[in-house]
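Participant: Listed below, chain by chain, are the residues.
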Amino acid sequence: MVELTIYGIVLGSIISLGSIGLTLVYGIIRFANFSHGDFLTAGAYVALFLVTGIMAWIGIPDTNFGSLSFGWRMVIAFPISMAVVAGVAILLDQILYRRLRAKKSGAVILAMSSLGAAFIIRMIILILWGADSLFYKPGLMRPAIELPLGAKIRPDQILILCVVLFLVAALHIFLKSTKMGKAMRATADNKELALVTGIDTERIIIWTWGIGGALAAAAGILYGIDVQLHPYMGWNFLIPLFAATILGSIGNMYGALIGGLIIGVAQQVSTAFLMPTYKLPVAFIIMILILFIRPQGIFGKE
Amino acid sequence: MEIGGIIAYLVSFAIMAGIYAVFCLGLNIQWGYTGLFNIGIAGFFCIGAYASAMITTPKPTGIYAHYVHQIFGLNLPFIVGLVGAAVICGIIAFLIGIPTLKLSEDYLAIATLGIAETFRLIFNNEHWLANGPRGLMGLPQPFQGLIDPKNYNYIYLVIIVIIMVVIYIAIEKAIRSPWGRVLRGIREDEVSAAMSGKDIFHFKMQSLVFGSMVMGIGGALYAHYTKSISPDVFTPLYGTFIIWVMLMAGGSGNNKGAVLGAYAIWAIWIGTKFMTDFLPYTLKARAPYIRFLIIGILLEIILIYRPQGLLGEEKKVSKMMD
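These protein sequence lines are chains Z and L, in that order. Take 7 as the starting number for the first sequence in our numbering and just add one per residue. Take 2 as the starting number for the second sequence in our numbering and just add one per residue.
Just so you know, not all the hints are guaranteed correct.
As the list claims (entries may be wrong) - Straight-line distance between alpha carbons at most 25 Å, and here's what the computed BS3-like set of lysine-lysine pairs gives:
#1 103/L - 307/Z
#2 257/L - 60/L
#3 174/L - 257/L
#4 197/Z - 103/L
Note that these hints are calculated values from the structure, not bench results. Remember, predicted model here, so these are calculated numbers, not experimental data.
Turn these sequences into a full structure, and let the hints steer you where they fit.
Facilitator: Here is the structure:
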């Protein structure tokens, strides 16, 4: 049980990264982005392309750091992949959502467009890589460290937690102390008021997509390091991401962080009683319960 | 291909597109007339198909019981299967509606998506329920003995067309009634509909349940056409996404558009299969993804350039107005 809780925190931290981006988009741009899960997949596969394709071609050595399952290649690929997916998110906004906003299409039409974008991203991944599960390093032994109470944790998982902590802290500082961060929070709080005070909402929207896409890419790569890569990995994260977002109140970054951890731990602990394939329904049932008890989420106002 | 083969091909095309047209009509009640964002059509597709399958087949006995697990089998006629599928889908829609219809539109979308994925997983994993991933086979077809099995599709096409027309007329009647006008009022402006004393929640609920019942019938029609079902059919792509593209292409808020969209997009879908046949051998295994990519891009083009679809909405639905 202790071990499952620890794995749950690792999974939860990955969900948190994804849902922070989702909640920012939801709060600032005001629509449910159904392609957010597939941003995770895109991030993981872009990193795969860099690690096993480009960097092997350039000749960057493929040695691991100590007992971690990756080395310099991944360290270089990680930020590049984040930037690429941020670019993809911004590009989708420029091609699709900006035009729909200009036509005054409703939030539901934007959500539908994002659902279409989700399928487009996934189909491109399926065309390029096929439907099989892939690994950054196939056939690698994964040593684990013994913890008290008989729990085991892999060095990779400790690193995942550190990376998530670092990214969340960086985002926190960005939102609290930069001008753009403050403008983003103001827009999430009250869009009309933000417009009146002269905040350039189009620029904020671009930044929001960039941050959301980059965090989603990071989440996807971390999941790929922890478990494996699969074209449907992000789609299967979509319900947990929304559950975490709703649980932590839409638009609230810290709520999404806590919501993600709760969903992750609940999903992982449930495998003690249920088949692991039921992780997704577990997240779904928590979401439905929240909708009954407190639809505005933990941190929402009455 | 000789002429008989071509006709048989066209008949099977018309049947599948007709089944999709039933789903489009169901979705049109929810989205086209009420503005409900249901992206879990695959869930109702799945439930309708399994419900009808288990109502119309006998529970396996003897040696078969070792190979085919099925929680119940009632061995009742086809028409009972259709009704049963509709009723069960209606009940599930009702249960989903309770927590979500009082909130903004997105919540219904997320909840229906969740329910669709959940049911697919349940049918896949619970072997005692409906034979797990292997699914159910040998479903009965109505009027099976009347005609040479090789020509059976003609009968099924007639059945599909009759059911499609009945559903079409039922929806037209409902939409042209005061009830239908309230739905459209809610879609256009929820606040002013509420201020006119309409109970928004109940009207939305009725629309959700009605539409989902039609989808349940669609699921049942599919099951008895293919005679075998397994959970991998009811994916978000085949079960939900393509139906949305059909309705958006045909024109949401227009029943003729719903039917037209189903036939047009199914024709494009089949047409892209011929196109991908020319692909080099190495790409052939990935042809379905290329075809879905085309459908996805098509949806984005429709949303940006022609959101009203081919036919667009019929604005006047009252006979009293000219």
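Participant: Taking the hints in turn, state whether each one holds.
Facilitator: Hint-by-hint comparison with the structure:
no. : hint          : verdict
1   : 103/L - 307/Z : 17 Å, holds
2   : 257/L - 60/L  : 40 Å, violated
3   : 174/L - 257/L : 14 Å, holds
4   : 197/Z - 103/L : 23 Å, holds
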